[in-house]
Amino acid sequence: LETPKEIRASIRRGEWTKSTHGLAPGYVQANLVVLPQKLAFEFLLFCQRNPKPCPLLDVTEVGDPEPKLVAPGADLRTDIPKYRVYEYGELKRETTDIRAFWQSDSVAFLLGCSLTFEAALLQAGIPLRHIEEGKIVPMYITNIPCQPAGLFQGPMVVTMRPIPEKRVVQAIQITARYPKVHGAPIHIGKPESIGISNLSQPDFGDAIRIKPGEVPLFWACGVTPQAVAQNAKLPLLISHAPGHMFVTDILNEELSF
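In this note's numbering, the protein residues as written are 5 to 261.
These are computed hints drawn from the structure, not numbers from a lab. Quick caveat: nothing in here was measured; it's all calculated off a predicted structure. Do not take every clue at face value.
[Unchecked claim] Ranges of calculated distance between the beta carbons of each label pair, as one might list FRET restraints: (1) Leu126 / Pro40: 19 to 27 Å; (2) Arg103 / Lys72: 14 to 22 Å; (3) Gln127 / Glu94: 36 to 44 Å; (4) Thr99 / Pro40: 31 to 39 Å.
Backbone N, C-alpha and C fix where the C-beta goes; we use that ideal spot for every residue, glycine too.
Produce the entire structure from the sequences given, and follow the hints as far as they go.
This is the structure in structure tokens:
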């Protein structure tokens, strides 16, 4: 599987159902949120007011599952290896195909994902523990409130990566070049000051080791809009399953400055 198009075709055929970590290196992977049209404007407003956790890459036409900006010809109902379907805030099922849940008034949002800047960190030789340990990056619900918009309100979710002390400044500089995929960290060091009591118990993803001489860095995370949409207890919300992203045709470098 080389190109994003081939990867999406393989996912659509049901051949690839695992995490998309490491697939199509160099290409942007995106988070998915699908909502009914009547809530789409409020959600768009929420993303616009909270660009760090909710960096919008594409929004589909009503009822049309094709993301025309980032992957023309793709189908967001079938081209992600695993989806989550929520009803009134409860996770009802995980599935590999959401055609049965897609409505004529569905609108899909694709949001930037930190896998993009991870590629840049690795290129610079900055180690990433969750990749070394073969795990999903740990994510935590913080006490930092997002700017509300209509029904959508709640705390920011962050990812944590331990970085060697002497590489912290470089890690900040590299990720700051990618504002469309969360940008620079929102917090460095003390987890308790953003409401995280125990780093070994993430709310999503996997716990990872922090070695002596490493500093935890926290980045705004695209799981935020999912958590906020769950808080809103919508009758129907569809998202990607954590770690199972949408692989776009856009190169990471197209999002950097």
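Hint by hint, here is what the structure shows:
no.: 1; hint: Leu126 / Pro40: 19 to 27 Å; in the structure: violated, 39 Å
no.: 2; hint: Arg103 / Lys72: 14 to 22 Å; in the structure: holds, 19 Å
no.: 3; hint: Gln127 / Glu94: 36 to 44 Å; in the structure: holds, 40 Å
no.: 4; hint: Thr99 / Pro40: 31 to 39 Å; in the structure: violated, 18 Å
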